[in-house]
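Dock chain B against chain A, hints included.
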Amino acid sequence: MIDIMLIIALALFGLAVLITLFRVIVGPSLPDRVIALDMIGVILISGIATISILLETKAFLEVILILGILAFISTIAFSKFIERGVFIERKRDL
Amino acid sequence: MKSNDVILQAVTKIVVFIILTLAVYLFFSGHNNPGGGFIGGLVLAAAVVLLILAFDVNTMQRALPFDFKVVGALGGFIVIATGFGSLLFDVPFLTQTMGEFDVPFFGEMEFSTVTIFEVGVALAVVGVVVTIILSISKDV
Chain A
1 MIDIMLIIAL ALFGLAVLIT LFRVIVGPSL PDRVIALDMI GVILISGIAT ISILLETKAF
61 LEVILILGIL AFISTIAFSK FIERGVFIER KRDL
Chain B
1 MKSNDVILQA VTKIVVFIIL TLAVYLFFSG HNNPGGGFIG GLVLAAAVVL LILAFDVNTM
61 QRALPFDFKV VGALGGFIVI ATGFGSLLFD VPFLTQTMGE FDVPFFGEME FSTVTIFEVG
121 VALAVVGVVV TIILSISKDV
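Chains A and B, in that order, give the protein sequences.
Position 8 (the first sequence) corresponds to 8 in the numbering used here; numbering is contiguous.
Position 100 (the second sequence) corresponds to 100 in the numbering used here; numbering is contiguous.
Simulated from the structure, these hints should not be mistaken for laboratory data.
The structure displayed is predicted, hence computed values, not measured ones.
Using N, Cα and C, we set each Cβ at its ideal position, and we do this for glycine too.
Worth double-checking, as some hints may not be accurate.
Restraint ranges, calculated between C-beta atoms of paired labels, are given here [what the hints assert, rightly or not]:
hint: 1; chain 1: A; residue 1: F81; chain 2: B; residue 2: Q61; range: 15 to 23 Å
hint: 2; chain 1: A; residue 1: P31; chain 2: B; residue 2: Q9; range: 16 to 24 Å
hint: 3; chain 1: A; residue 1: L12; chain 2: B; residue 2: I14; range: 32 to 40 Å
hint: 4; chain 1: A; residue 1: L67; chain 2: B; residue 2: M109; range: 27 to 35 Å
hint: 5; chain 1: A; residue 1: E56; chain 2: B; residue 2: R62; range: 46 to 54 Å
hint: 6; chain 1: A; residue 1: F60; chain 2: B; residue 2: L94; range: 26 to 34 Å
hint: 7; chain 1: A; residue 1: A9; chain 2: B; residue 2: L87; range: 52 to 60 Å
hint: 8; chain 1: B; residue 1: V16; chain 2: A; residue 2: I64; range: 15 to 23 Å
hint: 9; chain 1: B; residue 1: L94; chain 2: A; residue 2: L6; range: 37 to 45 Å
hint: 10; chain 1: A; residue 1: G14; chain 2: B; residue 2: F77; range: 43 to 51 Å
Just chain A, with the same shape it has in the complex (with noise of 0.2 Å):
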């Protein structure tokens, strides 16, 4: 029964993704695109929980944690692109 449920869910979650990959193509500005970024990073999280729960394994729990910091990483450095206009600044001007 909850194999089934699983099985489910990871469809779901893997339309979720074809959904947002739409926002990311044809997106009408640069903020849609970045948030349906992350927004894909956040449903692979989900589903890797899934996975790991179907297999019963705790061998993708570090996935996670490394898909995580990566996804708020690149959600910085690209917000702060659209504010600045540059990924890294040599010296702030305060």
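Chain B alone, transformed into the frame defined by chain A:
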């Protein structure tokens, strides 16, 4: 333009330590589980990149006063040195060994020379990744 990113910098100061803890955990879990020097080094480099993003390059260099090219070269040297160290014991190049020792308070612990090799790999990865990030961010 005066910039105001108090929240970003305050969050970064906490999150960097979480990332560093994860890096150390991944480094030591590489003995029997997924992990190891390479992705430990990559996560360490991610922490440094987060510092660079939230502050700037000069502040990061003041906090971590290393020349990252030298760090990468030191890592490569450690890797090669552990390889040649095995020649001193009349075994083939890059042979690794391990042993169990009785440590007070911790009980039986297992130490292996692969850890030194992995330290070299991690240092090389950190040095190379941060050098790449710093040089592609340079103004032309």
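Verification of the hints:
1. A:F81 <-> B:Q61: 15 to 23 Å: At roughly 22 Å between Cβ atoms, Q61 of chain B and F81 of chain A fall inside 15 to 23 Å, so the hint holds.
2. A:P31 <-> B:Q9: 16 to 24 Å: holds, 22 Å
3. A:L12 <-> B:I14: 32 to 40 Å: Between L12 of chain A and I14 of chain B, where Cβ atoms are some 34 Å apart, the hint holds.
4. A:L67 <-> B:M109: 27 to 35 Å: holds, 32 Å
5. A:E56 <-> B:R62: 46 to 54 Å: Since E56 of chain A and R62 of chain B have Cβ atoms about 48 Å apart, the given range 46 to 54 Å holds.
6. A:F60 <-> B:L94: 26 to 34 Å: holds, 31 Å
7. A:A9 <-> B:L87: 52 to 60 Å: Since the Cβ atoms of A9 of chain A and L87 of chain B sit about 55 Å apart, the hinted range of 52 to 60 Å holds.
8. B:V16 <-> A:I64: 15 to 23 Å: holds, 19 Å
9. B:L94 <-> A:L6: 37 to 45 Å: holds, 43 Å
10. A:G14 <-> B:F77: 43 to 51 Å: holds, 46 Å
No hint from the list above goes unmet by this structure.
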